[in-house]
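Here are the chains, one letter per residue:
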Amino acid sequence: MMDAGRHPNIELLTYSDVEQISGYVGNFKARVRKRARFVNEKECTACGDCVEVCPVVVRDGFEVGLASRKAISIPFPQAVPAAYLIRKDECLGQNPIACGKCAAACEKKCIDFDMRDQIREIEVGAVVVATGAEVTDPTSLEEYGYRKYPNVITSLEFERLVSAGGPTGGALVRFSDLALPKRVAFIQCVGSRSPRTGHPYCSNICCMNTVKDSLLIKEHDPDTEVDVFYMDIRAFGKGFEDLYQRSRGMGVRYLRGLPGGVREDVEAGNLLLRWENQEDGGGVEERPYDLVVLAVGLEPRKENEKIRAMLSLSKTSDGFFLESHNKLDPVSAPTRGVLFAGCAESPKDIRDSVTQAGAAAARALALLGSGKISIEAITARVDPDRCNACGLCAAACPYHAITVDREKGIKAKVIEAACAGCGSCAATCNHNAITARHFTDEQILAQIDAILGEDPLQNILTFACNWCSYAGGDFAGVSRMQYPPNARLIRTMCSARVRPDHILYAFRKGAPVVLLSGCHIGDCHYISANHATLDRVERLWKRLERKGIRKERLVLEWISAAEGKKFQEVMCRVEEIRRSVTPEEVDATKGALAGEKLKVGA
Amino acid sequence: MTQPKGERVGVFVCECGKNIAATVDCEEVRTYAEGVPGVVCSVRNKYTCSEPGQKEVQRWIKEKALDRVVIAACSPRLHEPTFRKCARTAGLNPYLMEMANIREHCSWVHQRERPAATRKAKDLVRSAVARARNLVPQQETEVPVTPAALVIGGGIAGIQTSLDLANAGTKVFLVEREASLGGIMSQIDKTYPTMDCSI
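In order, the protein sequence lines correspond to chains A and B.
All letters in the first sequence, in the order written, are residues 1 to 602 by this note's numbering.
All letters in the second sequence, in the order written, are residues 1001 to 1199 by this note's numbering.
Hints in this document: simulated from the structure, not taken from any laboratory.
Watch out, some of these pointers could steer you wrong.
[Stated by the list, open to error] No farther apart than 27 Å at their CA atoms in a straight line, the calculated lysine-lysine pairs in the BS3-like style are these:
(1) K1018/B <-> K327/A
(2) K590/A <-> K551/A
(3) K597/A <-> K551/A
(4) K1171/B <-> K1062/B
(5) K315/A <-> K29/A
(6) K1171/B <-> K42/A
(7) K565/A <-> K1018/B
(8) K238/A <-> K1171/B
(9) K413/A <-> K372/A
(10) K1190/B <-> K182/A
(11) K372/A <-> K1046/B
(12) K34/A <-> K101/A
(13) K1005/B <-> K597/A
(14) K218/A <-> K1190/B
(15) K148/A <-> K182/A
(16) K148/A <-> K42/A
(17) K542/A <-> K509/A
(18) K372/A <-> K1085/B
(19) K1171/B <-> K1190/B
(20) K42/A <-> K101/A
(21) K599/A <-> K509/A
(22) K1171/B <-> K29/A
(23) K551/A <-> K509/A
(24) K1085/B <-> K327/A
(25) K1171/B <-> K34/A
(26) K599/A <-> K1005/B
(27) K327/A <-> K1046/B
(28) K34/A <-> K302/A
(29) K306/A <-> K29/A
(30) K509/A <-> K1005/B
(31) K1064/B <-> K1005/B
(32) K1046/B <-> K1064/B
(33) K1171/B <-> K306/A
(34) K148/A <-> K34/A
[Stated by the list, open to error] Not the full set, but computed from the structure, chain B residues with beta-carbon under 10 Å of chain A:
(35) T1089
(36) K1122
(37) L1135
Note that the Cβ used here is the ideal one computed from N, Cα and C, for glycine as well.
Here chain A stands alone, though its shape is the one from the complex (with noise of 0.2 Å):
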């Protein structure tokens, strides 16, 4: 921590947000903005004056609220930049000055009630995400009694209870009486594994967190009785087995089998634990602690949609960060430029944050160190000739890459630095006058012609996204998922490639049923260029009901790269369909649309 506030070549900006950031890999431009501290955190010297006149007191955060502290405060005593902050919001007011206290006592006169936010603007070349997770809140989970009952605590409670730093002094007490617990219970998965709580991921952190704070303990005292109930214990690590096997040595036991609920025996001032023992064949029993601890997992930080949103960044079904490539590129984000390193990728220890942050450094200076790329070649192009303005395309760009002036009948241009490639704007362009290179209209309708050449009757016409539903398809394959043989695929970087007419001409051409997939509405690779594909869908389904055309020949489904299930059971499904359709429904079809003039294959 110091080494970093102290490098010629970092530049710290604490207690500031990245407000918004534009450009592309390698010219990055970005906006932060520096909350006012209120106090000159390079006169500072964190002598403490100010703390003591402060009148106001509120919970400290940082001891996830089991002690206090003032508004005018230093996060903890070895933070970086070493220096006190007013938090604005709990001085008890600045602008006019209510108080003054603190400026009155501090003899360096570090305090500046007229500090205002700093915005800076910066250049950078690559972008590390680092965001962190968030320690899962087990209130909403009743049957553990968390906040119910005082003498259940989180792991994260408990982190603060035993440090020597913490509020305690490293007293593990219980707080229904401060007495020190003889039988401690942690209770493991408390917000993972569990599709109930919407966090089926596991934690990866916390069994062996609980591991170590079981030795905490028994160093501590070693009469204490230490009891775990886990589902697995997953020490997997290089020196986690040796550690649970210490655990396991000073006598702590591991009991397999989560609690079904925790309820408090008031007369005996403890808590009672209704477990299942599996092992004994014993049946439910009760089991009384003095104190038991929730092992509590992470999540992926509310916040992180900011930084979703500014870096055009996908999620994968757990919330966290989608990487380029599960296991050859887990460091990159598809976003180019973009590096992940820690918990805003996925569930992380130390060490494996570590390795990653090393790793996401190692490709920013990869990057960084050539001096230039290559950009993108599977961009947009306007042919000026066909324009005429109307503006549909700019409407339809999720990156606002298209500069288009209706009212002076100034055509569209696309800038090409800031095109990311999806192909939305061709697939909204009436006009023909916009290509969407490498994915042009010929390229489809020729691999239409191809796959609905011979015996189209038994095949299913799929459009898949590059991105989710391609990558989900992948992953049912390196998962052997089996399903029938009919679907042909067509590939296109975005959903929103694919133009309502590709469909007709498809149907035209005898296809029984066409699939559309792409991303999951809001995990868009193209931010929200999905969000044409769903409205587009929409309006065709309409319009094949109005041709007298089953709308269920039409399907689309949302596929993310990790679904491999769901690409699985939408193939089964979809053949259901295919079987569905005769030879007289399809020539209907095709009469249906004969007389339709199509924007494309004319």
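We have chain A; now place chain B onto it with these hints.
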């Protein structure tokens, strides 16, 4: 704007050891591809992505003066960069290379249906050839790079990334939302498996 279509397409059918060949009749696909319009040669390889496999692709590009290449193998999400580079080395614009995914989307998911999987592989090759013939060369442009990095988040991961970059001489802007660096790690007492202090 109509581009001239590819007239000299080379198809390379990869067996991927047994990964594809166990389900798809690769020789049947290879023979079939010879009859697809525009195809001038169709070759079967054991592992197209291997060094000898790529060398063979490059040899055919030069010998037959191929103007388009179709690699029927695994997912382009895995090996598109490999084969683009392979094409470029042989003097072909990398965007004139197209892949047909006959592994993840075919042999691995229809393991008990050899005839149907083989038929699908043929369709995928035909579709890839049709697309390939319509491909046009693309140029990647170069832009200069700003030699600085923005690190968002000052927890252990952000700190370590910043230090590694800074030690290598790169200017780093480290942005932390809270008033101090440290993140969750600073709240933790001891850390596993070494049981040392977090700060």
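Going through the hints against the structure:
no.	hint	result
1	K1018/B <-> K327/A	holds (23 Å)
2	K590/A <-> K551/A	holds (15 Å)
3	K597/A <-> K551/A	holds (20 Å)
4	K1171/B <-> K1062/B	violated (46 Å)
5	K315/A <-> K29/A	holds (23 Å)
6	K1171/B <-> K42/A	holds (20 Å)
7	K565/A <-> K1018/B	holds (24 Å)
8	K238/A <-> K1171/B	violated (34 Å)
9	K413/A <-> K372/A	holds (25 Å)
10	K1190/B <-> K182/A	holds (21 Å)
11	K372/A <-> K1046/B	violated (38 Å)
12	K34/A <-> K101/A	holds (25 Å)
13	K1005/B <-> K597/A	holds (26 Å)
14	K218/A <-> K1190/B	holds (14 Å)
15	K148/A <-> K182/A	holds (21 Å)
16	K148/A <-> K42/A	violated (44 Å)
17	K542/A <-> K509/A	holds (20 Å)
18	K372/A <-> K1085/B	holds (19 Å)
19	K1171/B <-> K1190/B	violated (32 Å)
20	K42/A <-> K101/A	holds (21 Å)
21	K599/A <-> K509/A	holds (15 Å)
22	K1171/B <-> K29/A	holds (15 Å)
23	K551/A <-> K509/A	holds (17 Å)
24	K1085/B <-> K327/A	holds (21 Å)
25	K1171/B <-> K34/A	holds (19 Å)
26	K599/A <-> K1005/B	holds (21 Å)
27	K327/A <-> K1046/B	holds (24 Å)
28	K34/A <-> K302/A	holds (20 Å)
29	K306/A <-> K29/A	holds (16 Å)
30	K509/A <-> K1005/B	holds (22 Å)
31	K1064/B <-> K1005/B	holds (17 Å)
32	K1046/B <-> K1064/B	holds (21 Å)
33	K1171/B <-> K306/A	holds (25 Å)
34	K148/A <-> K34/A	violated (39 Å)
35	T1089	violated (16 Å)
36	K1122	holds (9 Å)
37	L1135	holds (7 Å)
Hints 4, 8, 11, 16, 19, 34 and 35, counting from the list given before, are not met by this structure.
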